[in-house]
Amino acid sequence: MTVTVNTVSAEGFRHTVQIDDHELFADVPKTAGGEGTAPEPHDYFDAALGACKALTLKMYAKKKDIPLTGVGVEVKRDNSEEQKGKYALHVTLTLKGVLTDAQREELLRVADRCPIHKLMTTSEVTIETHAPQGFDSQ
Numbered sequence: 253m254t255v256t257v258n259t260v261s262a263e264g265f266r267h268t269v270q271i272d273d274h275e276l277f278a279d280v281p282k283t284a285g286g287e288g289t290a291p292e293p294h295d296y297f298d299a300a301l302g303a304c305k306a307l308t309l310k311m312y313a314k315k316k317d318i319p320l321t322g323v324g325v326e327v328k329r330d331n332s333e334e335q336k337g338k339y340a341l342h343v344t345l346t347l348k349g350v351l352t353d354a355q356r357e358e359l360l361r362v363a364d365r366c367p368i369h370k371l372m373t374t375s376e377v378t379i380e381t382h383a384p385q386g387f388d389s390q
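With this note's numbering applied, the sequence shown corresponds to residues 253 to 390, in that order.
Hints are computed from structural coordinates only; laboratory data are not their basis.
Be aware that one or more of the hints could be misleading.
Claimed, not checked - Here are the simulated BS3-like pairs of lysine-lysine, each with C-alpha atoms no more than 30 angstroms apart in a straight line:
1) Lys282 - Lys338
2) Lys310 - Lys348
3) Lys348 - Lys316
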C-alpha cells in the first residue's frame, strides 16, 4: 500500500491524498495561513486512533458474540505541549447495545489494544525521506 500526496495548486496548501482507490484531502487551518478546506495532518493522526478503536471493538465483539451494535468514539487532542514532546489524546467511547458491565469492561480493555493505539504508544517508528536525483523542482 502506498499513500501519494500531491499539491492541488501552487498558490495554496490544499493537497490530495490518494490511498489505493480512496481520495482524501489535506489543508492547513486558516489560522496557519491555509484555507481550512480539509483536515490537517494532525486530524488524520487522531482520526486513525478513533477509527481503529471502533473497528477493533466491532470485530472483537462479533468474534466473541458480544451484542455490541455500534461504537461511538470521540477523540480530543491536547497539543498544547507538542513542542515539548507531549501530545495527549483523550478518548471517550460510547458502546451501544445491551451489554453487561463485564462486557463493557472487556471492550474497554480491548480498545486500548487496537493496532494504532499500540503503534502510537509502544513502537519505534523510523522514517526515511528521500528526494531522487533529477527530482522535478519546477
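Taking the hints in turn, this is what the structure says about them:
no. : hint            : verdict
1   : Lys282 - Lys338 : holds (24 angstroms)
2   : Lys310 - Lys348 : holds (11 angstroms)
3   : Lys348 - Lys316 : holds (16 angstroms)
When each numbered hint is compared with the structure, no violation occurs for any of them.
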